[in-house]
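Undergrad: Sequence:
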Amino acid sequence: MAKITVQNSPITILNIEEKDYISITDMASAKEGGSRTADIIKNWLRNRYTLEFLGTWEIIHNPNFKVVEFDHFKLNAGLPSFVLSTSEWIERTNAIGIIVKKGRYGGTYAHKDIAFEFGSAISVTFKLYLIEEFQRLKAEEQRQIGWSAKRELSKINYRLHTHAIRQNLIPPEVTPAQACIIYANEADVLNVAMFGMTAKQWREAHPDLNGNIRDYASINELICLSNMENLNAVFIEQGMPQSERLIKLNQIAIQQMRVLERSKETERKIGGTSPQFK
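Numbering (my numbering), first residue to last: -3 to 274.
It should be emphasised that the hints constitute simulated quantities derived from the structure, not laboratory data.
Honestly, I wouldn't trust all of these hints.
Said to hold, decoys possible - Below, computed lysine to aspartate or glutamate pairings styled on DMTMM-like, alpha-carbon distance capped at 20 Å:
#1 Lys108 / Glu14
#2 Lys(-1) / Glu137
#3 Lys97 / Glu84
#4 Lys62 / Glu48
#5 Lys123 / Glu113
#6 Lys98 / Asp16
#7 Lys134 / Glu13
#8 Lys108 / Glu136
#9 Lys134 / Glu14
#10 Lys27 / Glu113
#11 Lys134 / Asp16
#12 Lys98 / Glu84
Unchecked claim - Cβ-Cβ distance ranges computed for the label pairs, FRET-style:
#13 Glu233 / Gly99: 53 to 61 Å
#14 Lys244 / His202: 26 to 34 Å
#15 Glu13 / Gln174: 48 to 56 Å
#16 Gly99 / Arg258: 48 to 56 Å
Beta carbons are placed, not taken as given, at the ideal position from N, Cα and C, and that holds for glycine.
Working from the sequences, and respecting the hints, build out all of it.
TA: Right under this line is the structure:
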C-alpha cells in the first residue's frame, strides 16, 4: 500500500499481483466529498463509453472475462432504467480491472489504466496531477529498488572482504572478541576511505538515526564501496600495509565517485557523504 497526494487529497494505491490499483473512491471523494462517492462511481459505470472501455480492457487483459454478460450490459447502457454497481459488474463478468476491498483500506479500486480514465470523467486537471504524482511514485520505487540491490551487492562483497581478513590478518590464537576488533578496524578503513569518518564517528554525529553509515549511502557510494571491498581484499592478500591501503583506497574512491557523479548528476542521494579523507 502506498499513498500519493493529488491537489491536497490523499489517494491510496494498492499493489496486487504486481499490478497497481488506484482508489477511485479516494478520487471521487477528493472532487465531490465523501457523501457522494458511491453515486459518482455508479453514474460513471452506467455510461456506454465507460462500459465499452472497461469491456475492451478486460478482453485484452482477462482471459476469463465473460463477454456475453458484457454485451448484455452494453446493450442497456445509457437507458434511463439502467443501473450498474461495481460489485454486480465484477460478479457478472468476472472482471479484474476493478476490485472492491473491505477493511482498513476499503473502497473501490481500479487498475491504473482504468483509474486514469475515471480521472478524465471527474476532472481532466485532477487526472493530469494524478498521473504526475503516480509517475513520481514509480520513479521513487525504482530508485529504492536500485539502492536495495546495490546494498545487497555491497553485503555480498563484504563477506569476501571479511574472508580475506580472516585468512590473512587474524592469527589462529586470537580470541573471538579480538577478532571482532580486527574486523571492525578493517571495516573502518573502508569507511574512512569512502566517507571520511569511522562508524563510531558517524554514530556520534547522527545520534537520531538508526542503522549504520552504509544504510544511508547513495547508490553511487554503494557501487564505489562494493568495488573498494573487492580491491581491499586483494590488497590484503598481497600483504599491503593498512596505511598504504587506506591512502590507495581513498584515491580510488575519489576517482570513482567523480566518474559516477559526472555520469549521473541528477541522481537523488539517500544520504551519506562524498569521499573526504586525503
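Undergrad: Evaluate each hint against the coordinates.
TA: Results for each hint:
Our distance criterion of 20 Å between C-alpha atoms is met by Lys108 and Glu14, whose separation comes to about 12 Å. Restraint check: the Cα-Cα separation between Lys(-1) and Glu137 comes to about 12 Å, which is no more than 20 Å; the hinted pair holds. A C-alpha spacing of about 14 Å is found between Lys97 and Glu84, which places the hinted pair at or below 20 Å, so the restraint holds. Restraint check: the Cα-Cα separation between Lys62 and Glu48 comes to about 14 Å, which is no more than 20 Å; the hinted pair holds.
For the hint linking Lys123 to Glu113, the alpha-carbon distance of about 8 Å falls within 20 Å, and the restraint holds. Taking the CA atoms of Lys98 and Asp16, the gap is about 17 Å. The hint holds against a cut of 20 Å. Restraint check for Lys134 and Glu13: satisfied, since their Cα atoms lie roughly 16 Å apart, inside the 20 Å limit. Under the criterion of a C-alpha separation no larger than 20 Å, the hint pairing Lys108 with Glu136 is consistent with the structure, at around 17 Å.
For the hint linking Lys134 to Glu14, the alpha-carbon distance of about 13 Å falls within 20 Å, and the restraint holds. A C-alpha spacing of about 15 Å is found between Lys27 and Glu113, which places the hinted pair at or below 20 Å, so the restraint holds. A distance of roughly 10 Å separates the Cα atoms of Lys134 and Asp16; the hinted pair therefore holds under the 20 Å criterion. This hinted pair checks out: Lys98 and Glu84 have alpha carbons roughly 16 Å apart, not beyond 20 Å.
With their beta carbons about 57 Å apart, Glu233 and Gly99 fall inside the hinted range of 53 to 61 Å. Separated by about 28 Å at the C-beta atoms, Lys244 and His202 satisfy the suggested range of 26 to 34 Å. For Glu13 and Gln174, the hinted distance range of 48 to 56 Å is satisfied, since their beta carbons lie about 51 Å from each other. With their beta carbons about 49 Å apart, Gly99 and Arg258 fall inside the hinted range of 48 to 56 Å.
Going through the hint list in order, the structure satisfies each hint without exception.
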